[in-house]
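Enquirer: Need the complex rebuilt from these two chains, each delivered in its own frame; the hints are there to steer you.
Taken in order, these protein sequences are the chains called L and R.
Numbering-wise (the numbering used here), the first sequence opens with residue 1 and increments by one.
Numbering-wise (the numbering used here), the second sequence opens with residue 509 and increments by one.
For the record, the hints were derived by calculation from the structure and aren't laboratory data.
Here are some, though not all, of the chain R residues that point toward chain L, as calculated from beta-carbon distances under 7 Å:
#, residue
1, Tyr532
2, Leu533
3, Leu540
4, Phe643
Think of the CB as a built atom: it goes at the ideal place given N, C-alpha and C, for glycine as much as any other residue.
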Amino acid sequence: MSPKTTPPPNGTALFFRPLVISGMVACITSGWVTVLERFLPFWQGGYLVLLTGLVTLETLVVDRRLRARHVRRSLPARLAEAAVLLLLLKPATYLRRGWAVLGRDARRWLAQPATFLDAEYVIGALVLLTMWLLAVEIAVHLRALEDPYGLPQDRAWGIAALKDRFVMGAVVLLMAVGLQRLEVGGTGLALRPTSVSGLVLLPMLYVGLGLLLFGQARLAILRAGWERNEVPVAPELGRRWAGWGVLFVLGVSALALLLPAGNTALGLYLFAWLALLATLVAQVVLFLLFALLFLLLAPCLALFRVSGGQGLRPPRLPTPPPPPAEATGGPPWLLYLRLTLFWVVVAVALFLVLRTYWRERRLAGGWRLWEVLLGWWRALRAWLGRWRRGVTLRRRGPVEGEEPTPSPSRRTWWSRWRARTARERVRRLYLALLRRAAQAGHPRRPAETPYEYAAGLAPYLADEEEALAALTRAFVEARYSRREFRAEEVRWLRRLWRRLRAALIRSP
Amino acid sequence: MNLFPLLLAILIIAFFTGSDSLFYLAYALGGLALLSRLWMRRALAGLQSERCFPRRAFFGERVTVTLRVANRGRWPLLWLQVHESLPLDLHVPNFVRRVVSLAPGESTTIRYTLSCRKRGYYPLGPLHLRTGDFFGLAPEREATVAADTLIVYPKVVPLRHLGLPSQLPHGSLASRRRIFEDPSRFFGVRDYRPEDGLRRIHWKSSARADRLQVKRFQPAIALHTLVVLNLNADAYTPRTRLTAGEVGITVAASIAAHLVEQRQEVGLALLGGDRVTGWAGLQVIPPARGRAHLVRLLERLARAEVAPTLPLAEALPRTGADLGWGSTLVVITPGEEPRLLEALLQMRRQGFHLLLVATDPRAPFRRLQGQLERIQVPACWVTHEQEMEVWR
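Next comes chain R alone, as it looks inside the complex (with noise of 0.2 Å):
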């Protein structure tokens, strides 16, 4: 509503009659106009907002988030539209919405329950405020807080009879080869590959050879067992890309949660996308134990998801470069795909044990089975979670 004309026309009659009314009524109306511009401009500096939710949730879990809403200003928030987005997997509809009035230093709370009904890593946000004034004088004003992210691990199903080829005893050889570092022999400098932590990085050979340089670390034979989950697009489907891919993260998390659950070394050898950072490629995570490490292996598959890259013939020889002779290599992949068996067969040779994990419905996975008994890699055909009934 723009009062301007009206205030102007009431001050010229004014103006040339004298009379007090209309004065008076302009000073009212001209009052009101500053006094709700002046307050829609400092109504939302002192709002503060805060969601209270556990960052990480397990498959399955209900979740409930706190989001608190407080007006910290001098101004009172006469109506204040609340609009929380939300990730559709999560919550249905993707929304929370309400309508709340906030006194100066009142607040309110708002509670929503989650159900992690999908592995992921989603945004819970961004929170949208609209404001207003009593009769519309101002223009209505907006503010957006940013969203916070909830991690939904993987589906991880119990296994006790996984059966992995990698029955070797436990311990550490002194060995010429480069198969598994040891931190406290440092020997040298190498470049940087993407996989790389930041902190392998000699930052004094970097500056010398203008390029990023990473410690290398006398190796040491250590048993171990690594996962290598191919989501790579191009080995995909278009029908099964979406449940084949799942099933393939929920077989990676289980057999990493069960080895770490057995008190053995695990890592993960990722082949696909990041989708927070947007990444695509191999990350390697080296094998290690402990619960800190599984949970670093179910959140990096939390975010994990199928994109196109680089194929999983040529990521393999990379995923064994850091591995001692008899570890495991757990090859999970759709099915069939070109020159793998040539790549899993040097693998055999080089004396990894393997294990070949298939999770595309459609593949044609006796054929492959067949292949793979002739180079002594067993193999399973895993489409959906109940299957793996023969490891539990």
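So here's chain L without its partners, still in its complex pose (with noise of 0.2 Å):
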């Protein structure tokens, strides 16, 4: 390999960082989101959460292929991406209040083009282009990690900026949690008690996704020391660091939700302690400087005295002159002449910008960047699809007439969980008799009851039908009624099912 080379990304550094950093920026809108919500009423901002995280997801992966194929971003292609979602946001204002709305105030807009910047789109444009940068500030920090014949100071320099960038995003973060916790009463300021909320877990799950992109910034830094050194890496390491890492993060986190918190009485206690050896020691302070003060100043207040001056007033500042009256405008014709330079003004800037934002995207795979995204979507409906059912399967349990017979091999933990309570027991003891049965040549036919099956089974188990029927009746009541059994019972019918399998043992 080349040393000047760069290798490709590998899907983790295309998709998984890029979902990590989006879903930051996305926690930090959205507690920013709620605050503006609370303190500003006219204005509905939720559409900005999912908005800014998938703009960010898709300008990361676009950054990234684009890197992979050698092509160097502009500062002028920035510009037409960041004019690209300034535009994609006003119609995002409108999906609250209505696309008919949107068309009566795009034809005020041409009258009037100040009025395209309301307060509501110059609040919602001010989060998603500051969320924006920070994004691709966080993306550039981590791909100088990516870098495997970059400096050490390089590297060192990208953790540091990625470090100071989570940081600055906790502050932000934790700032608008406390600001919702907030109260503006008649007593004045206080802080509303939380719980166990989405006002909790914002930090949290901030906190989780942040700690997963340090992790993917070591494994970047160790990727580059291995490709530096030529060593070859297992292609599933990407996929596991990830998967493990979330994982990981998860559990922790679930781990620190059952912990107790907010009792903070030890704390205002060492808090009032502190408080008040602090004010002793700043008017111990402070009475010595006095008296210093004092000390020097004396003889001058003294000068003041026997001069009996009058005290200093403030100049009068002089009354601003008013307003030039406004000038009156001049013929009808001047006035559309200007609104239409001002459109074809504007007409060629949106074409300028929409052109280099797609042939950027041309360059980054056209189309076929967007159905990889797609694929990737669907993947993941279809694997959380998989995943319900499965939960779905399991708590409904297997249907009537389809008893499993699960074989050793395929136990799971679940099943050697379950089978630690007696009702499981008795029904496995029952299971295990019908595979002994089976294996001697009498299976159990799918549309047969337990009870038909031991009465034709009973022919074969000379003097056992008494045992066999215990172990019928036993399993039926384990299988289809609450009733639970005692450990003397089950250890019983262990020893019935014992015999009756000595007597299948014996049976011809």
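Expert: In structure tokens, the structure reads:
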């Protein structure tokens, strides 16, 4: 491998890292959108969370693909991307108000372009652009770590910058969370109590995603070192790093949520003592300071008292002149000309922006990129669907008449865990009887009920009809009733099963 | 990454503000740090590795080594850097490296091929293992697995017409001279010498005499060949030490293999160093026949190296101490040496058949050959294996 070539990004680098960064950005956006919605009742920005996440994801994926194809992104390209994002934001603000309003307002923009920038749009644009820039910055720093031939100081800079952005994001998010708890009442400012809710989970989610990002940063550094030293790396490493990292962080976070929080009585006690101590120290320091000042300024004060001078008065500020009257507009054709000129310039700028935007996407793979993203989304949905079906089946249990006979090799930890209950042990004893009987040439037909099967099997079990009947009855109760079995009963049934097994071996 | 300051700051702020978010954050971060340390502490505990390969190989053979690394522990190994050190004579570069990921109970197999281009006694390994956690919260863990050894036998050139001077009929004769010992006829003990095997030590006599004693057996005459290989560093010039030494070892191995193939008894007297033990001196492997004996000789030759030791002229009389009258000594030496002719003459007078093989291309062989002809010792000059064509 030539030292100048950059290896193509793997799936984890291409999708997982942008997904994590987008998630972090969406967390911060979510926090601030909630705050803004609380303090600005006219503003609704729930759509911004999704929009911010999606646009940053798209930007970062495109960025990675372009880098892989050695296409450097210029400033105009970035500006074009930002402009397209701002354009996309405008229709998004009308999701709540409806498209009819959008059409009506669009006509108004033609006549009065300034109305395009209403307060809702400006706030949304500020939030979107800030988050987009933050995501791009994080991605740039993360990418600096992936260069196998980068200098060590570049990697150190990349890590430090990542930490800075992460901490900055965390502070911004915590500020938002704190503002949400702020209560403005008649008695002044107060903090609302919180429970385990979205308010608490949002910083947890952000930090969890941040940790995953740092995990990816570590992988990037390690991988760069391995590539530099030409050490072959197992292809599944990236996938496992992502998967195990998610499990690890989720597990620890879930455990953390089980612990108690919020009891700060000791903290307040300590705080009171610390405050008292600090007040005492401050009083002593102030006393010393004032004493010193008094000693220094005493001669000057005496001098002023002797002169009997009047106190200094602030100078009067001159009143500002009244604003000039607005100039009257020219003839109406001049207004139309200016409007036309304005929209032509806007149209040309839009065309250039869109062309730049589209050219970059085409370089990054064009529709294929979207197909990849769509395929990824479909695969995720299919996996979730399979998982949901599996959970449903497990909860619902097997269908009547299709009694499964799990072989020991196919037993899962769940089935082993379930076997700890007495009911399950009884059920398993009966299933073991079925297996043995099938091996002895007396299989149960799918349509047979347990009692029908027992009646058919009894002639082959000499003198053990009662044991067979008892085990069958116990199975039916264990399977279809809520009866709980005692340990002695299970032991007795086990003895019955052994007798039946011996009888089956003896049977012709 | 040190999380402690951040954790402490979050905890303090959480304590004074009573914020649930900060408490949970602190718990999560603390849990991550603790779990990472615990994980790393136990990560390598369940790691097992083994190398599967033939322990012996012939010159020119290609040996495939299968290195199996298994995680028998309960903790996954997110990444594991495997670094197997290898001898440069067998593998270029002198290592095999991989980065793998092992779930609990999972194993991975790394295969590499060694080209046995040079005889020797090679260590395969040690195997260095290194692993770490997701975030670098805990220090990386390392482990080292000891090396295994691979013996590459010296090159054996097939010889058909060696033409050794000893062409006497085989057999054993009763003799009063202590020439070759019959282990069924024990007749006393003597002091231990380094070339004696441990099996010959008489422990009771050693205890009584307070020094090691070895058993002596009644001698019998048998016709054998002893290959005497001189790897004394002083006998070689610095420029030809490596090549002439290797040619000598090849000649010794080829002659031994040829004689074993001819069902004759052959021994080895090696005057040089042992690469494994580091010991240098004279080591004699008594003559015997059979494939197992040949393997023993080849293994010893594989471990041999040029090292400073006593001169051949001094060692030569000791090599023939246990040989019978009429036995053959093939003396492989780089070339002329002080007092070598006298030693050879003495051996000749004791009734040994002698053949001298010179291996140093810079040695004044013609002059040596002339001197040897005068004492009726044949000599040949083999400085490269292709010059052994005369014996094929």
